[in-house]
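Engineer: Here the protein sequences line up with chains A and B, keeping their order. For the record, in the first sequence the residue sitting at position 17 is 17 according to our numbering, with numbers rising by one throughout. For the record, in the second sequence the residue sitting at position 408 is 490 according to our numbering, with numbers rising by one throughout.
These are calculated hints, taken from the structure and not from any lab test. No experiment lies behind these values; they were computed from the predicted model shown. Each hint should be verified, as a subset may be incorrect.
Below, simulated DMTMM-like cross-link-like pairs (lysine to aspartate or glutamate); rule was C-alpha separation at most 25 Å, straight line [said to hold, decoys possible]:
#, chain 1, residue 1, chain 2, residue 2
1, B, LYS518, B, ASP382
2, B, LYS135, B, GLU187
3, B, LYS518, B, ASP422
4, A, LYS77, B, ASP197
5, A, LYS77, B, GLU107
6, A, LYS77, B, GLU465
7, A, LYS77, A, ASP57
8, A, LYS77, A, GLU49
9, B, LYS518, B, GLU579
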Amino acid sequence: MSDEAILDGVAEVARAHLGWEDELTPEMRLVEDLRLDSIRLLTLAAEVENRFRVRLDELDEGSIETVGDLVAVVRRKLGGTE
Amino acid sequence: MIINDWLAAAGQHPEGGLRFVDRSEAATWLGWGEVRERALAVCGGLLSLGVRKGDRVALVFPTGIEFFEGFFGALLAGAVPVPLYPPVRLGRMNEYLRRTARMLERSGARLVLADSRVRRILGEAVAQARPDLGCRTIGDLPGSAVAPVPVEPSDLAVIQFSSGTTVDPKPVALSHRAIAAQVEILSGFWPETSGLRHSCVSWLPLYHDMGLIGCVFPALARDVTLTLLGPELFVARPALWLRALSRYRGTISPAPNFAYSLCVTRVSEQEMEGVDLSIWRTALTGAEPVAPSVLRAFRDRFARWGFRPEALTPVYGLSEAALAVTFSDLDRPFRGRRFDREALARDRAALEAPAGREIVSVGRPVPGFRLRIVDETERDLPEGQVGRVWAQGPSLMDGYLGDPEATVRALRGGWLDTGDLGFLHEGELYLTGRAKEVIILRGRNYAPEEIELAVEEIPGVRAGCAVAVSWLPEDAPGEVLALFVESSREATASEIEALPEACREAVLGATNLSPDQVIVLAPGTLPRTSSGKLRRGETLRLHLAGELTPPAPVTPLRLAGAMARSSQAYARMRWDRREE
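Bound-form chain A, shown alone (with noise of 0.2 Å):
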């Protein structure tokens, strides 16, 4: 699945589950600019583990602070290269 994609499934996710409206870009970070405090943060995890059928194992990718580091490891566990 392309980065693109994967960005526009997580948009949907946003959307669906935290009424997020607006473009959604790789730069954006979680918590700064989507404003998604634990309980958020913890949905939107939930929420594309879903979409995507993965699991997410965040604390072996490190800090997920940005959408692009979401997507980046979505598309890892998908199996995808850059």
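Since the structure of chain A is provided, determine the placement of chain B on it from the hints.
Structural biologist: Just chain B, lined up with the frame of chain A:
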């Protein structure tokens, strides 16, 4: 009685143990006897590693069997477990690490036990706190069978943090005696009668008093099964909690107010298919202020699936008292009464008024506990007068570990100053707010300083002139966080214009919290003590009484509502909004 005795005695009943429900709703069950065997192995490992009686052993595990191996293993070794929370999902790790390092230091932990994934993350926090036996996984412990170390009821059993903050985390030291007393109190509410064998279902974190002391210990003491889900599973899919209650016939389950709210908004009809909540006798609601609107919404929404209205039971407690201080009557619909707003805010008097502010009763002192309501000079107040709530009972903490000054402030001649404000009405306790300066959001505590410091550097903010408070407004489903900042005298119009947004961003970055309101005030508006310290409680009181007005026309009062975009998407705020 000590916790270790319960563990030794448990495992007799074939149905007693721990059940872990995973994300696909598959369950693993372990009898208490098996839990004990595993804990004994860990105990041996700890002792041969050099852990001595009274040493603190920090535990950083998600909900799962390893937590219990480490927890009971430490207890059997005569050590004192210190449960800490595992890393957050997504977002920034540095704040978490700083906080964890601080808690490790404050607890004086000699050893940290974590699972292998968490251990890798913890490196930095552990390096900073330098526990002399390092950070290990359960599997790393040397294996050897050793006899458990005997402990006394007066020995420390658990360290719990009352406030999960970097600025001032307070390690609450609880003895075996205190915990045993609390568990006896709790068990007394659910006698084994009429053939109903009680069982508890919980998604509460195990580093939380309501999860550990309220759920784990009573199940162990009674040798019954406790069904557990990880808190992250509940938040991701709240229906899992209700489905587990139905499937495993849970009669008792506690949760903070926000959890009931989350169920109302995020559980779908399909998810409830085949769910029967009629077995749920007691749905305790505590750990944060109870919103009557949320209780009603939950009751109405889930009645269709057999939820009993009288199951909802508001309670009050705090880690400094091991847990419960008051309980409202079981099997009785919760009781909300209305009190005149102005009298409450201005005169601190509780006068029933039909159109007043509705407050939910949290009930009467649990057996063995007594309450006092006192004024600032520590004189007793009569019923109907708002004051500080003091509690006395058999399960109070020994004190804050390594912090005699804070201990002296909290424990006054055998009474615990809870720091909460409230009044008695017909013998029942009603809470109105907090005298202690702590922000409670979704069951977690934050120090106001954390939030205030975050905006210190923003251009246009008057240095040292920010006040963060949270409270439960009428009709709101949860606590609301407001930040009051004074603009500096040199601030430009455009800086002032940008302040609410800039403050909100800074607070979010530093604490993961989003203020619901940012209120910009003119310099010199915030109330202070004679020594110049900001008075947070007074700020809130003035705000609610409508008396916190800026000396116009220098700087206009700017109030940023922010509801729609705030993190509290669940919040419905129709209260007390003053806009320009």
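Engineer: Run through the hints listed earlier and report the numbers of any the structure violates, in increasing order.
Structural biologist: Hint check: 1, 6 and 9 fail, others pass.
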